[in-house]
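Chains A and B, in that order, give the protein sequences. With this note's numbering, letter number 110 in the first sequence gets 110, and the count goes up by one each step, no holes. With this note's numbering, letter number 109 in the second sequence gets 109, and the count goes up by one each step, no holes.
By construction, these hints were calculated from the structure, which means they are not laboratory data. Heads up, a few of these hints could be off.
Under 10 Å between C-beta atoms, here's a sample of chain B residues computed to sit facing chain A [stated by the list, open to error]:
(1) 10
(2) 13
(3) 19
(4) 30
(5) 34
(6) 39
(7) 43
(8) 50
(9) 51
(10) 118
(11) 136
(12) 139
(13) 167
C-beta: ideal position from N, C-alpha, C; glycine also.
Read off the chains here:
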Amino acid sequence: MSFSFFWRKILLTFAHVLQDPSKIMSQKHIFHFIFALFIAFSAAAQDHGQATESHGTDTTMHAQAHTADQPMHAEEGAGHEAEGHGHAEYDPAGTAIHHISDANVYSILDFVRIPLPMILYAPETGWDVFLSNKFHPGHHEDGHMAYKKYVMHHGSVFRIADPAYTAEEAEVEGFTHKVEEKEGKPVDVYFATIGGTEYRLHPRTTLDGGVLGGGITPFFDYSITKNVLSMILVALLLGFFFIKAAKAYKANPDKSPKGVQNVLETMFLYIRDEVAIPFIGKEKYMKYLPLLMSIFFFVLGLNLFGQVPFLGSVNVTGNLSVTMIIALVVFVIVNINGNKHYWQHIFWMPGVPVPVKILLAGVEFMSLFIKPLTLMLRLAGNISAGHIAILSFIGLIFIFGKSGESMSGGAIGTAMAIPLTLFMMAIELIVAFVQAFVFTILTASYIGAAIEDAHHGDDHAHAHH
Amino acid sequence: MFVLLSFTPFQPTPGLAIWSLLIFVLFWVIMGKFAFKPIAKALEQRESDIQNALDAAKSAKEEMANLKAQNEKIMAEAREEKARILQEAKDIKNQTINEAKEKAREEASKIVAAARNDIENQKKAAIAEIKTQVGGMAIEIAEKLVRQQLKGQADHEAYVKKLVDEFNLN
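Build out the structure end to end from the sequences listed, making use of the hints.
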């Protein structure tokens, strides 16, 4: 209640300012705005608490399920404690992971939920294509409805495992989470309660082969997710600006750049003169320039897009699937362009004794794969870490507010969270540029090493003859 | 309440991977063809244009300097020529004056000589006339003398003879 009331007040203040921008100068308005924002955040803590209260039932079930058939886990202890308090404990780690994960619905501020196309394939039932509003996603991006054996939990799609379940549409009463032991490792297992029965859910297929808790499951999710939509938006936005700039260059070839063209040119020239030319060389850089520019601007665009507040704060470049693909493209481009000299240095290093040659071949062969692997992990890790840090600072509001029990605690948490979040956002802004630059410069150096001429190798050979 | 053991953003999913590949490769190909390559070419073109303009300005400057030097050389030559012409004119003037003076002197000496000649001739004529008149006067004197004092023949004759001798005519 109070939550939406204060948000409305913030939006009204915004509307006033938009109608008459001169009003932004009025101190009274600024004070109103900040105060309303402050209260809204504190109230959000309370609201969040109330919402998690309903999840309290999940936790109870969770704990009971464990005591029934499983040995105790550390997580269970937390579950029991939560039960004792009556209020569900706020889980900062879980919340952060939830917010940086990809989703099948695009949520803005818990008000707007843009449905996204679902493209699902299960070998058992074939293809299913529909919009994600069939799930009626609500708070926490949990779907209130099941559709064709699929349900939505935490924004992600799951499939009901039970072959006996055949309903086209059904109301979902709640979700349960258990931790099971599988081959000596704890694994998350989710259940949906439909019509009083608990149905085991299959998560979507992941490509980690069980290393990160996923694996091949009975269905595949090829949907246009929040991340895919963000990539399309950013690609279109960049395309719009760059093609506009390209036209400006064509129209006035010898005119000094203006506006967007100027901003892009500054970065474009920096990448060309500090990355492409020094690493690849003046003769060959033109062939690889589009790739380097694509990597830099695509990554930078997505990094920055993910940092815009109240725009879904997507975490595309923090997602391993995305960085994996860019790293894979780099790996392919580097190795199909590698010349004789490059391969010779990997498999039969000239100028060293044979045992060292064999040793180096092993190391170099490993580095062939480690290089793109580090590219992939560095970007995803940095961006995800930044998002987690910001979410953790915002989480202070809920921790201090004791999940809604304490309004004044929430206020103190807000007062702490705002400067810390601002500081973190400033750091993240730098990280957005630095990581895009690092990815590009490393790509350029790998390409440069792969296409380098043989004269360097000749020196080696001569030195040892 | 949920505890995630699986770190979902780090679980690569085939759907997101395929879409990422599609979007990234399309972005790379389309932007490469329609934005990055044209922009890179335009920038290179602009850089070479700027370099050319700078070079042109430099050569124009050099040309200007050359032209200036040439102009100065021409000016110096002209100045020299002027001085030479002036000198020549002066020489001609002096020569003319000298020649004129010489001529005048010559003319003057000729005139003087002629005058002298004339004077001489006149003098001679005058002397001749004087001689004639003196002769006449002498004869007259003699006649008168003769008429007055013709007393002794012999004396007269001797006297006349003496007189005649005394007239040493040239």
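Here is what the structure says about each hint:
With its C-beta approaching chain A no nearer than about 5 Å, residue 10/B sits inside the 10 Å limit, and its interface hint holds. For residue 13/B, the shortest C-beta to C-beta distance to chain A is roughly 5 Å, which falls under 10 Å, so the interface hint holds. Hint on residue 19/B holds. Least Cβ distance to chain A is approximately 4 Å, under the 10 Å limit. Residue-level restraint check for residue 30/B holds (minimum Cβ-Cβ distance to chain A is 7 Å; threshold 10 Å).
About 6 Å separates the beta-carbon of residue 34/B from the nearest beta-carbon of chain A, less than 10 Å, and the hint is met. With a least beta-carbon distance of about 5 Å to chain A, the hint placing residue 39/B at the interface is held under the 10 Å criterion. Taking 10 Å as the C-beta cut-off, the interface hint given for residue 43/B holds, the closest approach to chain A being about 7 Å. Because the beta carbon of residue 50/B sits about 8 Å from the nearest beta carbon in chain A, less than 10 Å, this interface hint is met.
About 12 Å separates the beta-carbon of residue 51/B from the nearest beta-carbon of chain A, more than 10 Å, and the hint is not met. Interface restraint check for residue 118/B: the shortest CB-CB distance to chain A comes to about 101 Å, outside 10 Å, so the restraint is violated. A distance limit of 10 Å between C-beta atoms decides the matter here; for residue 136/B the minimum to chain A is near 127 Å, and the interface restraint is violated. Taken as an interface hint, residue 139/B does not check out: its beta carbon lies about 132 Å from the nearest beta carbon of chain A, beyond 10 Å.
Contact between residue 167/B and chain A, as hinted, is not supported at the beta carbon level, the nearest pair being about 128 Å apart and thus beyond 10 Å.
Checked against the numbered hints given earlier, the structure breaks hints 9, 10, 11, 12 and 13 and satisfies all the rest.
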